[in-house]
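S.K.: These are the residues of each chain, in order.
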Amino acid sequence: MNWSWIPRNLDRVAELTVQHLWLALLPVLLGLIVALPLAWLATRARVIRTVLITVTGLLYTVPSLALIVMLPLVLGIGILNPLNVVVALTIYTVALLVRSIADALDAVPQAVVAAATAMGYTPLRRFVAVELPLAVPVTVAGLRVAAVSNMSLVTVGAIVGLGGLGALFTDGFQRDIPAEILTGIVLVLVLALLVDVALLAIGRAVTPWTRAGAGARA
Amino acid sequence: MIEFRGVTKRFPDGTVAVDELDLTVTDGGITVFVGPSGCGKTTSLRMINRMIEPSGGTIEIDGTDVMSGDAAHLRRGIGYVIQQAGLFPHRTILDNIATVPMLLGWSRAKARSRAGELMEIVGLAPEMAKRYPSQLSGGQQQRVGVARALAADPPILLMDEPFSAVDPVVRESLQDELLRLQAELSKTIVFVTHDIDEAVKLGDKVAVFRTGGVLAQYDEPGHLLARPADDFVDGFVGRDRGYRGLGFLSADGLPLGALETVRLGSPAPSGDWTLVVDDADRPQGWLAGRDRTDGAPVTAEHLVPGGSLYDVTSGSLRSALDAALSSPSGRGVAVDADGRVVGSIGADDVLAALATARAAA
Ligand SMILES: Nc1ncnc2c1ncn2[C@@H]1O[C@H](COP(=O)(O)OP(=O)(O)O)[C@@H](O)[C@H]1O
Ligand SMILES: [Mg+2]
Chain A
262 MNWSWIPRNL
272 DRVAELTVQH
282 LWLALLPVLL
292 GLIVALPLAW
302 LATRARVIRT
312 VLITVTGLLY
322 TVPSLALIVM
332 LPLVLGIGIL
342 NPLNVVVALT
352 IYTVALLVRS
362 IADALDAVPQ
372 AVVAAATAMG
382 YTPLRRFVAV
392 ELPLAVPVTV
402 AGLRVAAVSN
412 MSLVTVGAIV
422 GLGGLGALFT
432 DGFQRDIPAE
442 ILTGIVLVLV
452 LALLVDVALL
462 AIGRAVTPWT
472 RAGAGARA
Chain B
1284 MIEFRGVTKR
1294 FPDGTVAVDE
1304 LDLTVTDGGI
1314 TVFVGPSGCG
1324 KTTSLRMINR
1334 MIEPSGGTIE
1344 IDGTDVMSGD
1354 AAHLRRGIGY
1364 VIQQAGLFPH
1374 RTILDNIATV
1384 PMLLGWSRAK
1394 ARSRAGELME
1404 IVGLAPEMAK
1414 RYPSQLSGGQ
1424 QQRVGVARAL
1434 AADPPILLMD
1444 EPFSAVDPVV
1454 RESLQDELLR
1464 LQAELSKTIV
1474 FVTHDIDEAV
1484 KLGDKVAVFR
1494 TGGVLAQYDE
1504 PGHLLARPAD
1514 DFVDGFVGRD
1524 RGYRGLGFLS
1534 ADGLPLGALE
1544 TVRLGSPAPS
1554 GDWTLVVDDA
1564 DRPQGWLAGR
1574 DRTDGAPVTA
1584 EHLVPGGSLY
1594 DVTSGSLRSA
1604 LDAALSSPSG
1614 RGVAVDADGR
1624 VVGSIGADDV
1634 LAALATARAA
1644 A
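These protein sequence lines map, in sequence, to chains A and B. Per this note's numbering, residue 262 is the first one in the first sequence, and the count goes up by one each step. Per this note's numbering, residue 1284 is the first one in the second sequence, and the count goes up by one each step.
Simulated from the structure, these hints should not be mistaken for lab results. These numbers were taken from a predicted model, which means no experiment stands behind them. Honestly, I wouldn't trust all of these hints.
Now the in silico label distances, taken between C-beta atoms and shown as ranges [claimed, not checked]:
#1 Leu-450/A - Thr-1298/B: 42 to 48 Å
#2 Val-308/A - Ala-1448/B: 58 to 64 Å
#3 Gly-1521/B - Leu-302/A: 46 to 52 Å
#4 Leu-455/A - Thr-1298/B: 55 to 61 Å
#5 Leu-320/A - Gly-1339/B: 35 to 41 Å
#6 Leu-1387/B - Thr-468/A: 45 to 51 Å
#7 Thr-1291/B - Leu-302/A: 18 to 24 Å
#8 Pro-1295/B - Leu-450/A: 24 to 30 Å
#9 Ser-1597/B - Ala-402/A: 42 to 48 Å
#10 Ser-1351/B - Leu-320/A: 35 to 41 Å
#11 Ala-402/A - Arg-1288/B: 48 to 54 Å
#12 Ile-1404/B - Ala-402/A: 39 to 45 Å
Far from chain A by the CB rule (all over 10 Å, computed), these chain B residues [stated by the list, open to error]:
#13 Asp-1348
#14 Thr-1382
#15 Gly-1399
#16 Leu-1464
#17 His-1477
#18 Thr-1494
#19 Asp-1517
#20 Asp-1632
Glycine included, each C-beta is placed from N, C-alpha and C at the ideal position.
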């Protein structure tokens, strides 16, 4: 195998890495922003919840390649517009997060919610100050799954020419450069691992109470 | 003053939880709602701070209908201690207690310093401030719950079975502490429990509910025990109510009999039963006639353990009678506030005093 490909193409690899991160992580952020109010809606009424969970569940089963090919038609944009990947991955992220955040909100003990109401929280303030923080551990777990799976889903976009590290696979195959393909695979794995560890660390930093050891209960 | 006028709560499924409730909660005392599970106590309590809205009738606090203003604003002015504490798991103890002051817009520093004061008032060690609720025992969590409810100094405190989830020993000490706090703070407290013993212990007035949300009797605890309004209340008040009722009759003026005592280490006198005391005249136990030491000094080995003591400064007829019944000699030991023996009491004297109290009532 000819390793000299790597030093000769460092600039391009760096550029694709940055692009890959953007394409994978921007949808995680957008997905979270969309999923939070939807999850809140889901806890308001059984019917809304059933509809939301069913629809997002169905969305998750649409094959990623099909979504990336279809979206330009729906959005009226060119197939090579990066927005295409961003929207597709945002949809997956929302589908993944709505259910778990809704479950986490439902798991907030009734006594805690009742106490917050009795203290004089308005419903919106209570959601932000009490229910949402208590849903953070589950939400972070969902974000980690979404971020890692987006890392690999971005490579699908490369099949239709949308860039990211997947471009190293397609290019490497076409021009038969094993070092290029291997670089792509290793970088995707390393990025996924780094992002996962980073999210884990952020999650722990913002939920100190989950690590407070339980004392004697009388 | 909290006034229920013809208050009814019918839930959407048709359950009538509270039926035509008329009741006045007076200021500065503990009013207890008691009754079997499902009789509408929690529903009645939660209608005071609008966590549940009545379907008929009105509830007024100091003449203002609770339904007239903003619900969140109303609730910030009413302390609420929930069953199972309901502390916020993600906030430290200090920040849990600072909740309502923060909602009222106090600065964080002022709210936290107030929270620190409250920790001291309810008997929580300062090092608990930085802990999270999961690191506290059930009894400590309830103290935090009480501190949190008191933080903004609301005139009214609602408490829903606050002590029912802790073990009997801790419960007893939490009850005593509530009484001590109340003696200092004089809040208007509405306290819900299913435990009649807790109700008569804590209540200045007790409202007994029957299933279906109907008020069966609203009375002072002594009256409740002495004169239950009907068979339901009689059955609910439970066994031994005659004896427990003695707890609400003052033993003032109960005649004390003489009592022969001997110091530990002194030669024992002759006679049937002699009370042995220490150098400060505090009772140590009894010396039985058959164990007479024939002039040798009395030592701890000779002693028969004594019964309960009757404190003449604060005792009730119940404590006087119990002192007599539990004493091996048949004569109860009366002590003063410092625990010094001042005389003896017989069961006959208590019964005579009871007859006098009845005749006077
Ligand atoms: N949200 C509700 N919907 C329907 N019925 C309810 C609701 N809340 C309470 N109930 C019913 O109202 C009655 C009184 O309940 P509650 O006030 O909680 O009783 P308690 O506190 O005395 O145990 C019970 O029969 C209970 O099942
Ligand atoms: Mg209840």
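S.K.: Note whether the CB distance of Leu-450/A and Thr-1298/B lies within 42 to 48 Å or breaks it.
M.R.: violated, 59 Å
S.K.: Could you check the hint for me, namely that Ser-1597/B and Ala-402/A are 42 to 48 Å apart, CB to CB?
M.R.: Given a distance of about 58 Å, which is not inside 42 to 48 Å, the answer is violated.
S.K.: For the hint 35 to 41 Å, verify it against the beta carbon of Ser-1351/B and that of Leu-320/A.
M.R.: Since the Cβ atoms of Ser-1351/B and Leu-320/A sit about 47 Å apart, the hinted range of 35 to 41 Å is violated.
S.K.: Look at the Cβ atoms of Gly-1521/B and Leu-302/A and judge whether their distance stays inside 46 to 52 Å.
M.R.: Taking Cβ atoms as reference, Gly-1521/B and Leu-302/A lie about 49 Å apart, which means the hint holds.
S.K.: Can we trust that Thr-1494/B is non-interface, i.e. its beta-carbon lies farther than 10 Å from all of chain A?
M.R.: holds, 23 Å
S.K.: So does Ala-402/A sit 48 to 54 Å from Arg-1288/B, Cβ to Cβ?
M.R.: holds, 52 Å
S.K.: Take a quick look at Thr-1382/B and tell me if its Cβ sits farther than 10 Å from every Cβ on chain A, holds or violated.
M.R.: Violated, because the least Cβ-Cβ distance between Thr-1382/B and chain A comes to about 5 Å, which does not exceed 10 Å.
S.K.: Return holds or violated for the Cβ distance of Leu-455/A and Thr-1298/B against the range 55 to 61 Å.
M.R.: holds, 56 Å
S.K.: Asp-1348/B: least C-beta distance to chain A exceeds 10 Å?
M.R.: Fine: 18 Å to the nearest Cβ keeps Asp-1348/B off the interface.
S.K.: If you check the beta carbons of Pro-1295/B and Leu-450/A, does the distance land in 24 to 30 Å?
M.R.: The hint (24 to 30 Å, Cβ to Cβ) is violated, given that Pro-1295/B and Leu-450/A are roughly 55 Å apart.
S.K.: Quick check on a hinted range of 35 to 41 Å for Leu-320/A and Gly-1339/B, using CB atoms only.
M.R.: violated, 47 Å
S.K.: Does the Cβ distance between Ile-1404/B and Ala-402/A fall inside 39 to 45 Å?
M.R.: Between Ile-1404/B and Ala-402/A, where Cβ atoms are some 40 Å apart, the hint holds.
Violated hints, in rising order: 1, 2, 5, 6, 7, 8, 9, 10 and 14; the structure is consistent with all others.
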